[in-house]
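**Student:** Using the hints, position chain G against chain A.
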Amino acid sequence: MHFTTMILSSSLLTVFLILTLPILGTLNPNPTKSQWAKENVKTAVKTAFFVSLIPLFIFINEGLEVIMTNWEWMNTLMFNINISLKFDLYSVVFTPVALYVTWSILEFASWYMHNDPNMNRFFKYLLIFLIAMIILVTANNMFQLFIGWEGVGIMSFLLIGWWSGRADANTAALQAVAYNRVGDIGLILAMAWMAVNLNSWEMQQLFSLTASHDLTLPLLGLVLAATGKSAQFGLHPWLPSAMEGPTPVSALLHSSTMVVAGIFLLVRLSPMMENNPLVLSICLCLGALTTVFTATCALTQNDIKKIIAFSTSSQLGLMMVTIGLNQPYLAFLHICTHAFFKAMLFLCSGSIIHSLNDEQDIGKMGGLHQLLPLTSSCLTIGSLALTGTPFLAGFFSKDAIIEALSTSYLNAWALVLTLLATSFTAIYSLRVVFFVSMGHPRFNSLSPINENNPSVMNPLKRLAWGSILAGLLITTNITPMKPLVMTMPLTLKLAALTVTITGLLTALELASLTSQQFKTKPLPTTHHFSNMLGYFPSVIHRLIPKANLVLGQLVANQTIDQTWLEKTGPKMMTSINLPLISSTSNLQQGVIKTYFLMFFFTMILAILTLV
Amino acid sequence: MGAHLVRRYVTETDTEPDPARKFEFDPVLGFPERKEREMVATQEHMNLAHLPLEQRDYCAHHLLKLMKCKRDNWPNFLACKHERHDWDYCEHQDYVMRMKEYERERRLQLRKKRIEANAEAA
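These protein sequences, in sequence, are chains A and G. Heads up: the first sequence at position 605 corresponds to 605 in full-length UniProt numbering, and the numbers run straight through without jumps. Heads up: the second sequence at position 46 corresponds to 46 in full-length UniProt numbering, and the numbers run straight through without jumps.
Only chain G is shown next, with the shape it has when bound in the complex:
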């Protein structure tokens, strides 16, 4: 815990990627088939539901189901546990995917540094 901070500011300052900037390496590099993620909820659906901008992500379809469930079950506010869990789990998987992308970028940077060091030594 905190290892990423130590790496970023102390030990590997030149290779540790900055999460606020765009990543350098192509997302398809190393993968035989990789397609860009597609959103399940359409713009029209999200506009009809008046979703704020920050909630229009790849899990918006679960959120729309949750909102519909809440509207149907009101005043039973304890009703939509399943839909809530689905949305939370989707957000969790999205977070894990972002962590994995970060780790991939970091390892590719280290690989690039190793290749350059070997080329210089040779």
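Same shape as in the complex, but just chain A:
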């Protein structure tokens, strides 16, 4: 085997080994030391990150991509399932990004969760999640991808419901599992179709065999899977509810890594989607609808974590739009840049929440610019990167996506909705920064505000550097897989920037109005729509159980009791037989006089004839 191929493969296998060793170390019956989490887990992830940089540099320098088939697991005469890993652009770039973000989050979590009695178990769960995510990302066949897919779903359930004494947390965890399950139906449908029609689950074989088939059904299954996992419209309520989990969980799972698994699936299988305009249009319109709907919902939320959760959902909608434009590389680029600034926003919010004694309402924050300077600076940098400020991380991906959308000949309505969502992004980002950092404090003076713990500050600084430099580094080092259209009128080129600045100025105006006194007037209906999340959870979470209960009542009452027992069963038998019985017995009753009369007349007749 060639030398660099060997180095790339063995480095990535070493990454797997480094991440798995702490988990295996907990199998011994001795209890883990109190510093196990900080010493073993965080160090493992940090080492794994540095090791994963080697394959990244090899890939950037030479463009080397490797597919390894390690173990023939379940091979029959007709069907093969192997453990095979694919180290191409997507997995080689995503692995270091995920490890860098996880390293920062684990260091932050060692401060955030230090009062928790089960901190070691928490770190173990996060590590198992990370391993499942990397299995998903490096999978070269659908079965392995499914293992990673379900793994991240289960760990999400366990981590959202971490504070299981809280009823809301349990409900949120179940909600996440239920919505993800609906998406899993789509994934299993696609896998079943592939197994039946193409007789393979290996990606190379799928791509080469699908030229002559109509792929609409499996692709719709894959889109359903992505809708469930990546919280697209229709299966989205689990993501804001998932904020019941601890902030490190929200930062890792529900912003950077797990929720992008659905988009990653579509990116991985994009060669199958290229030639199917129906599915591409569905992705485009679904993504546009998601991005604008969730951005609208984010405008009027008061919980800082929920605003960031809806922001994540909106960016996931934008990634789905990019898939619909047949630009999987741009979607992947946005996955990578989004991981940095979204994780940083969540860590900033965690630092603020803990400093204000677990206060999450932005109406009760304020003036933190003076009191938490590093945190509010990082919050501002993250928000600027999110809105696509030129030359920060988000700009390279977001602007490229909007340019591609503007110059394509596809749905103009999707373009309008996406631009609207971009301006809403600026509005709610400014709203967060305004209510949190600007103005005067609206909380008690005795709050444990401090920024002197390096476990908090170092992760924030690392992610801030990532949010500034990641976009530049990725785009200068890696040439895109498709040539991008760079020729467009000036108005289209500046569309995203104009729309963002308009949103920012509108938000500044509206926010400054909040500090003036007005006569109270009833809130307009649009506020209600946005605040109640479009009434979507209220309707859907009640509609289906009500339908089930009504159906149960109909079945129990009308079908069983009334129909089978009364009208067709025993009672019917009774009602038919009873008249027959009574008329038969009635016929034979009360005829004694008739009998006597007959006897008498027969006697008279007999006597007369004898005489």
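Among chain G residues calculated to face chain A with C-beta under 10 Å, some are: (1) G2; (2) C59; (3) F77; (4) R84.
Rough simulated footprint, nothing fancy, chain G against chain A, three-plus residues with beta-carbon under 8 Å: (5) 54 to 62; (6) 472 to 479.
Simulated pairs of lysine-lysine, PhoX-like, Cα-Cα distance not exceeding 20 Å: (7) G/K100 x G/K35; (8) A/K461 x A/K38; (9) A/K306 x A/K364; (10) A/K482 x G/K65; (11) G/K112 x G/K100; (12) G/K112 x G/K22; (13) G/K81 x A/K482; (14) A/K38 x A/K124; (15) G/K68 x A/K482.
Hint data in this document are derived by calculation from the structure and do not stem from the laboratory. Heads up, the beta-carbon is just placed ideally off N, CA and C, and yes, glycines get one too.
**Tutor:** Showing chain G alone in chain A's frame:
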């Protein structure tokens, strides 16, 4: 901006060409000498570089130079500005050529409609 959409869906629905379909008129019509464009990069070069299908266009030779420059200059990722610009400019000229071909097709369709209208009137 948007004039092409207005033309396509509102004002000139019968003559506006569909960019997704093949054009009706011969590319050589009206030109005394016109040769088909030739690719500079050969199949062999592109296969050796493992170029994906979408990048094998008329500007692939610039892309191959860019890839070579990047490989030679790594880790200096700011080095290949000139080659990058050459590739981008070639793609831009390709886009402009596609726009011009579209406009040519549109004008030929309008000319055809005018000729038919004159023939009917005569």
